[in-house]
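Visitor: One letter stands for each residue in the lines below.
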Amino acid sequence: MKRTVDVNIPLGPIHPCFKEPVRLKCEAKGERIIGAELELGYMKKGIERIMKGRPWQEVMFLAERVCGICSVIHNMVFIEAMEQISGISVPPRAAYLRVIANELDRMQSHLIANFSYCYTIEHETLGMYLLDLREQVMDELERLTGARVTCAYMIPGGVRCDISREDAEHLLSAVDRMEQDLRRYAGMFSDGPMIALRSRGIGILTQEAAQRAHAVGPTARASGIALDCRLNHPTYRKLGFVPVSRPDCDNFARIMVRFDEVAQSISIIRKCLQDLPTGIIRGGGVCKEGETRYSGEAPRGELTYFIRSDEYGRIADIQIQTPSIMNIEACCHEMIIGVDSVADVTSTFISADPCVACTER
Amino acid sequence: MGQSLIWYLKEFSRLEWIHKFLFAKTAPLVTPSYSRGFPEPTGKACQHALFCMMACPAPGAIEVVHAGDGWIPRIHKGHCIRCGLCVEACPNGVLKSGRILETMERDGTSLLFSFRISIDPDLCTGCGNCATACPVNKQIDAQLGAGGHFSNDEVIMRVLDGDVRVLHEEKCTGCKTCETSCPTRAIQIARILEGIQQPSQGSGP
Chain F
1 MKRTVDVNIP LGPIHPCFKE PVRLKCEAKG ERIIGAELEL GYMKKGIERI
51 MKGRPWQEVM FLAERVCGIC SVIHNMVFIE AMEQISGISV PPRAAYLRVI
101 ANELDRMQSH LIANFSYCYT IEHETLGMYL LDLREQVMDE LERLTGARVT
151 CAYMIPGGVR CDISREDAEH LLSAVDRMEQ DLRRYAGMFS DGPMIALRSR
201 GIGILTQEAA QRAHAVGPTA RASGIALDCR LNHPTYRKLG FVPVSRPDCD
251 NFARIMVRFD EVAQSISIIR KCLQDLPTGI IRGGGVCKEG ETRYSGEAPR
301 GELTYFIRSD EYGRIADIQI QTPSIMNIEA CCHEMIIGVD SVADVTSTFI
351 SADPCVACTE R
Chain X
1 MGQSLIWYLK EFSRLEWIHK FLFAKTAPLV TPSYSRGFPE PTGKACQHAL
51 FCMMACPAPG AIEVVHAGDG WIPRIHKGHC IRCGLCVEAC PNGVLKSGRI
101 LETMERDGTS LLFSFRISID PDLCTGCGNC ATACPVNKQI DAQLGAGGHF
151 SNDEVIMRVL DGDVRVLHEE KCTGCKTCET SCPTRAIQIA RILEGIQQPS
201 QGSGP
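Respectively, the protein sequence lines represent chains F and X.
Start counting the first sequence at 1; every next residue gets the next number (this note's numbering).
Start counting the second sequence at 1; every next residue gets the next number (this note's numbering).
Honestly, I wouldn't trust all of these hints.
[Claimed, not checked] In silico DSSO-like links for lysine-lysine, alpha-carbon gap of 30 Å or less:
1) X:LYS77 with F:LYS52
2) X:LYS176 with F:LYS52
3) F:LYS44 with X:LYS44
[As the list claims (entries may be wrong)] To list a few chain F residues with every Cβ distance to chain X over 10 Å, as calculated:
4) GLU39
5) ARG230
6) ARG282
[Stated by the list, open to error] Covered stretches of chain F (chain X as the covering partner; in silico rule of three or more C-beta atoms under 8 Å from a C-beta of chain X):
7) 124-137
8) 153-163
These are computed hints drawn from the structure, not numbers from a lab.
We treat Cβ as the ideally placed atom computed from N, Cα and C, and that holds for glycine.
The shape of chain X in the complex, shown without the other chains (with noise of 0.2 Å):
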């Protein structure tokens, strides 16, 4: 008992303690500038390269939309899970969150898209839906046929003897239209994510 009191007096008699007790303020509620939020606009143009989308890996958080001559991302809060990997895809420099792009811009880090396709041929019933479905196709062929029958060569993916065939993958923007469109789930984008660094001389600590 004694030796608690001696305790408590030894505790409560520090200058920090007093200096505390006296002056007892609470440090206001301030986002510090460092704190990933939610991604903003730089006010750099959008040069469509859906990176941001590709990456995002909240459903439905961020979406490239027309506004007037141009394209901006929109971020949809509700969805959005604050990770940066949107501002970290992007090419362009269009988002900044937190001090990402500037840490970005000091070391000369960058993620490296690919994407792959990947048809799973017991699920697949050759409906060629993917292949009508695909925007870059439609750039390639405007004449696309019904049911994915195409004449044209250069398209990504067409339907070749009742299957659907990959024919050219370096072109998949890894937009996942054919994920969607597919009714048994048979084609998947694999979109591979590499994370690189090329330092410019005299950066780093």
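Chain F on its own, in the form it takes in the complex (with noise of 0.2 Å):
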């Protein structure tokens, strides 16, 4: 079909507004958007073929490096692969500290996605005000883990440090803290006219066009599918999970069901904390030989490991699918299609919350 375009409207990999490094370049008549295509490979590290060969303790640092804001699912996922082939089994304590981690981990990389969505529509003051809030989350990962950002957590069979009771405490009154001031937070954002008018009925992504495009995470639950891979996760369904969703598919509800989520990950690490069971943290286990794949639920989506390790548990070779790419196509093939201004093509873009270091490795 032949298209009249008025300009072709490159944006990016460098641009102030445009925090992520791809190009986008739409087709634009007036100022409408009819059309956009995607260019990526701007970073590649090429991560996986340098995990090839080595020890699960030097593959763990490798994947937490994959993406530096949602670090900690990355190393779940791998120690999950790794136990899935060996056979281990982890002690219930160290379980539920997992999830702990977890959810904080979800938390921050929540709160830094609405901080991002909020700047790029010029709502600077939430978004600090997300800023500080995460910073807290962060401090929280920090006691926890010992570490803010990389937490290398998780070992095949359980975890790295065991939680004190004053730590738990600690956390427990952290979580209170933070709830308030999540309810502030979520309050502003859905009551600004000024925010709904720029996210309301913007970024249209229908649930049929999100099925067709695989989008996946919260891009999806924002557009009424219920799927989350948590479900699956036995951990999850002991503490009795049920996925958050949206049926408005616009750029609001995708912000609003991050918040949600963020408010659900508050409740789960405070029912981890009243549920946690005693006993060891470490159960053993030594990785073998074996195929595997296996796949969590990181904040932006299903991310899958494919594993095959050789007799010593030494990686052979790997595969690592990342939810992101599937929510750029959706992005830019679904989501920017229809949208009146250039300036709400950069914040769709963000409120599906592409990150590139994953999708690149």
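Please assemble the complex out of the two chains, which come individually in their own frames, going by the hints.
Guide: Right, dumping it as structure tokens:
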């Protein structure tokens, strides 16, 4: 079909309001976007190649460095995949501690994603409030694991350190404080008329389109697809996990789904701390030969590791499928089309929470 | 519009906000005691077990060097990723980082090492560099022949009929000298690490 294109607008890879190094070439008619094309490949690390031939204690740290924001889930999925290969069982206390670390990580990831969106729609006040809240989450993560970002908390057969009673109490009170703040900030976002003008009804990703583009994570859940890998995880099942979803399909829904998930993470952490079993945190176990595919729910969606290990537990082959690529594709082929101004292109792109560091690895 | 004004008035008349506005104070930038920093010596004598070097995931971050009469682990800060595995791997508590050492002692956690030698027969040329370079072999048989030919069966590996044979895998200390001396990267040391816990009575929260 012949289309009349007024202008081609290239966005990125280097632009002050474009946070990820991708090039988005938009075809616009007037200011309405009628098509978009994506160029990736500006920051390939080749991390899967570096992982090959190494034992778990080295790959664990490399896996964390696939993504700087959601590092705990990469550690968790890799270690649980190795456990699945080797038939190692995790002590219940360690399984609960893993969930706590993972949920803290999810909270900080969602908060920085929402900060990014607020910053893009020029609501820096709320953005800075969210960053302040994220800082509190990071402090708790540091108290639990010893490091803020690359925590390296999980090892095959357990976790690296236990949580003491004082730390558990500190975490509980911090979580209460965070919940109050979060309620206020989520209220600011949902009630702000200016925010609604920039967010409601913009960047529509219908349920059919989301299914067609294989959108995952909060992007899919904001289009009414209540799909979450945590439903398949035994510890989350024990905690009675129910995924959050919204039917609105727009930028606003995506941000609100993240706010809801942060609140949900807080309640999961609280429940974990209440039900925390006593006992050991390391069961032992040696990694063995095998091949598996294991998925977990990263803050951005389904994260899958395909791993083949040799007889000494070294990684013979590894492939990582990260969630962002699905959402980036869904964003530039479905969400952006029909957006009425170029300013909304960046905010729509950011609302899908793209992470190019994961995507290109 | 009116709604937003009311909202803003409400927001700014909160006691917490007024308190923050009047007594704003940035928290001092201090590293908390529980933060995993660069490993530091605790003062205990290094027994030259080399497990810190074997566990370290960052290339060239730690090496155990001669200092006076004994040995000390030296950290290269530009390479260290502050993971704290060396602290956990050391059987003698020579290093400390954050509160890893205290929690290890409290919970009775430790890392267990074992080393396996794997030789790719397709790549191995039977040159015997590995057997000659191995420091354990040198200790066992000081009369080592060039090309890895030994008359001693107590060594870890030696060249037999043109191929390198591993005789005593259990004697391997995992130093990787053979790996670095192999011209075809045929020999690889698998460092198998296992996290274990033996809680003492009365420990744990």
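Visitor: Work down the list of hints and note, for each, if the structure agrees.
Guide: Going through the hints against the structure:
1. For the suggested pair LYS77 (chain X) and LYS52 (chain F), the alpha carbons sit about 26 Å apart, so the restraint of at most 30 Å is met.
2. Under the criterion of a C-alpha separation no larger than 30 Å, the hint pairing LYS176 (chain X) with LYS52 (chain F) is consistent with the structure, at around 18 Å.
3. About 44 Å separates the Cα atoms of LYS44 (chain F) and LYS44 (chain X), which puts this hinted pair outside 30 Å; it is violated.
4. The beta carbon of GLU39 (chain F) sits about 32 Å from the closest Cβ of chain X, which is more than 10 Å, so the claim that it is off the interface holds.
5. The beta carbon of ARG230 (chain F) is kept farther than 10 Å from every beta carbon of chain X, the shortest such distance being approximately 25 Å.
6. Not every C-beta of chain X lies more than 10 Å from that of ARG282 (chain F), the closest at about 4 Å, which undercuts listing it as non-interface.
7. Under the rule that three or more residues need a Cβ within less than 8 Å of chain X, the assignment of the segment 124-137 of chain F is violated, with 0 such residues.
8. Chain X is given as covering the segment 153-163 of chain F, and this holds because 8 residues of the stretch bring a CB closer than 8 Å to a CB of that chain, at least three being needed.
The structure is inconsistent with the numbered hints 3, 6, 7, although it conforms to all the rest.
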